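Protein sequences appear in the order of chains G and C.
Mapping to numbering that gives the first Met the number 0: the first sequence position 193 is 192, numbers consecutive.
Mapping to numbering that gives the first Met the number 0: the second sequence position 113 is 112, numbers consecutive.
FYI, nobody ran anything at the bench for these hints, they're computed from the structure.
Just so it is clear, the structure is predicted and the values come from calculations on it, not from any experiment.
Note that the Cβ used here is the ideal one computed from N, Cα and C, for glycine as well.
Among these hints, one or two may not hold up.
Unchecked claim - Chain C is faced by these chain G residues, among others (derived, beta-carbon under 7 Å): (1) TRP101; (2) HIS124; (3) LEU125.
What the hints assert, rightly or not - Some chain G residues flagged as far from chain C (calculated, every beta-carbon gap over 12 Å): (4) ARG9; (5) ALA53; (6) THR80; (7) SER82; (8) THR88; (9) ALA90; (10) LEU102; (11) HIS129; (12) ARG145; (13) LEU155; (14) ASP201; (15) THR208; (16) MET240.
Listed below are the residues making up each chain.
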Amino acid sequence: MGTVNEPLVRLDSVELSYDGAPVLAGVDLTLRAGDFVGVVGPSGAGKTTLLRLALGTLRPTTGRVERARGLRVGYVPQLETVSWSFPVTVAECVLMVRSDRWLPWATRAERRAVTEVLDRLGIAHLADRHIRELSGGQQQRMFLARALLRDPQLLLLDEPTSGIDVATRHEMLHLLGHLHDDGMTILLTTHDLNGVAAHVPDLVAMNGTVLRRGAPADVMTPTVLEQTFGAPMDVLEHLGMPVVLDRKRHPRRPVVEAP
Amino acid sequence: MIETLLEPFGYAFFVKGVVVATLAGALCGLVGVYVVLRGMSYIGHGLSHAIFGGFAASSVIGLNYVLGAGIWGFASALAINRVSRAHRIGADAAIGVITTASFALGVALLTVFGNRGPSFDAALFGSIIGISTGDVWTLVAVSALTVAVVLTRYRALLFATFDPEVADVSGVRVARTDALLMLVLSLAILATLSIIGVTLVAATLVIPAVVARMLTHRFATMLWLSSAIGALCGLVGMNLSYHLDVPSGTTIVLTGATVFALVLMATGGRGLQRAPRAAVL
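So that you can see chain G by itself, here it is in the shape it has in the complex (with noise of 0.2 Å):
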């Protein structure tokens, strides 16, 4: 997994633009073996863009990203971009990722990690699904397990709470910190405010570039978030937790209508 408090990637001074639009400026990260980090911020704030740098399929325009030589990617796209109709069962999906053998039939070892890592995840029991019969909870745990299964050092994981329901995204998010609890590094991008500030130690607000990083308590404030996202929200506590009210859901003034 790495020592502790090693750097796994290193974002330094970073710019990236898309046919001469910015999308990221002036971005300083670094990833330590043992973080998990969850990135929030608005759609477009470049959550994905930064996860693909720190990835190595998007060079930035300046600046630099380094990675720790030989480092293990294991990486959980969105659901949004996978093709549910192809044609493969989840067996099948997790197997891919040991693509170094020359022969296309599993070993009797690999059947085994397959089913291991199927069965630490809770969903041994569908590896001869089609892929598009799981449900949203199902299709995020395949991903993982097919992450998983590479022994990675760093776990990427894009939206991983997007397209599932409340219950299932807290199974999932407290399925991550198991496996940090066991030493896995993990940077996750979401929309889940709340959920992250609950399950997520360390969090990085950003919008085209880091607004601030630290403990929930210090990130889930009003103005961090009014900066990051350019809307006011209010934040409460509750159990020693900030929960964050979006203030167009939740009027501070009940609306009363004219008689």
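Go by the hints and put chain C onto chain G.
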């Protein structure tokens, strides 16, 4: 009835034609799985036209037409793949521009310099009697190469087809894998052109794979099923070609289209529908 059906098997050219059509069908069925699943069904149509340009250019400069058209087709396939992967324009537009320009160049070269190579009528529509021993050996060699590539690069091809971005960060050399697939595809089209023809080869790539997709949701099963359906269409289509006295390419494609219609009716197009999104609370 039986005697009538068996009659053409008394002719050596027909037996050779049946063997080649069956093998060509299986080869196109196998490669077609990747073409269909990558959403590049139009590529077969486009590439065959691009390869026609290669035929013409080879004829003009006196180069071996298999080599010349092969290189031309591979270069076109790489260009299409590169342009479509870049997402700036869609694969359909990339194919439309690159391959029709290549076809037009081929027609222009033949018009100006004349045809000094093989029959271009056969190249356009396929021919039961135009199959040379060289065509047979080319097809056997390309089929063997394709099976070897699919077997040895099975997981990399599958991963790069299903999810190229994750494959790339998981150790698959996606650009190299794509290039390998494009090479195999170009060779498959080139090797089957003489029997199926430029204008119809796309259907032999697409129909067996689409039919197989309606019958299974397993990738490995789809590969052999598509090959078997392609082989069956080649076998039946070649027999129909003899009895109906029409070009072999047309009967092979019409056989495939009939199988497609029957399976579509039986399954309701299962496997071809877009996936419903997972429920969101």
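To see whether the hints hold, each was checked on the structure:
1. Against a cut-off of 7 Å between C-beta atoms, the interface hint on G/TRP101 holds, since the closest Cβ of chain C lies about 5 Å away.
2. For G/HIS124, the interface hint is violated, since its Cβ never comes within 7 Å of a Cβ in chain C; the closest pair sits about 17 Å apart.
3. With its C-beta approaching chain C no nearer than about 13 Å, G/LEU125 sits outside the 7 Å limit, and its interface hint is violated.
4. Distance check for G/ARG9 against chain C: the nearest CB is about 18 Å away, which clears 12 Å, and the non-interface claim stands.
5. Non-interface status of G/ALA53 relative to chain C is broken: a Cβ of that chain comes within 12 Å, the nearest being about 10 Å off.
6. Non-interface status of G/THR80 relative to chain C is broken: a Cβ of that chain comes within 12 Å, the nearest being about 8 Å off.
7. With a least CB separation of 7 Å from chain C, G/SER82 falls inside the 12 Å interface cut-off, contrary to its annotation.
8. Some Cβ of chain C comes within 12 Å of the Cβ of G/THR88; the nearest lies about 6 Å off, and the non-interface call is violated.
9. The Cβ of G/ALA90 sits about 10 Å from the closest Cβ of chain C, inside the 12 Å cut-off, so the non-interface label is violated.
10. Some Cβ of chain C comes within 12 Å of the Cβ of G/LEU102; the nearest lies about 7 Å off, and the non-interface call is violated.
11. With 12 Å as the threshold on Cβ separation, the claim that G/HIS129 sits away from chain C is violated: the shortest Cβ distance comes to roughly 4 Å.
12. Listed as outside the interface, G/ARG145 is inconsistent with that label: its C-beta sits roughly 8 Å from the nearest C-beta of chain C, within the 12 Å cut-off.
13. The beta carbon of G/LEU155 is not kept farther than 12 Å from every beta carbon of chain C, the shortest such distance being approximately 9 Å.
14. Chain C leaves G/ASP201 outside its interface by the beta-carbon criterion, the shortest separation being 23 Å against a cut-off of 12 Å.
15. For G/THR208, the shortest C-beta to C-beta distance to chain C comes to about 24 Å, beyond the 12 Å cut-off, and the non-interface label holds.
16. Against the 12 Å criterion, G/MET240 stays outside the reach of chain C, whose nearest CB is about 21 Å from its own CB.
Hints 2, 3, 5, 6, 7, 8, 9, 10, 11, 12 and 13 from the earlier list are contradicted by this structure; the remaining hints agree with it.
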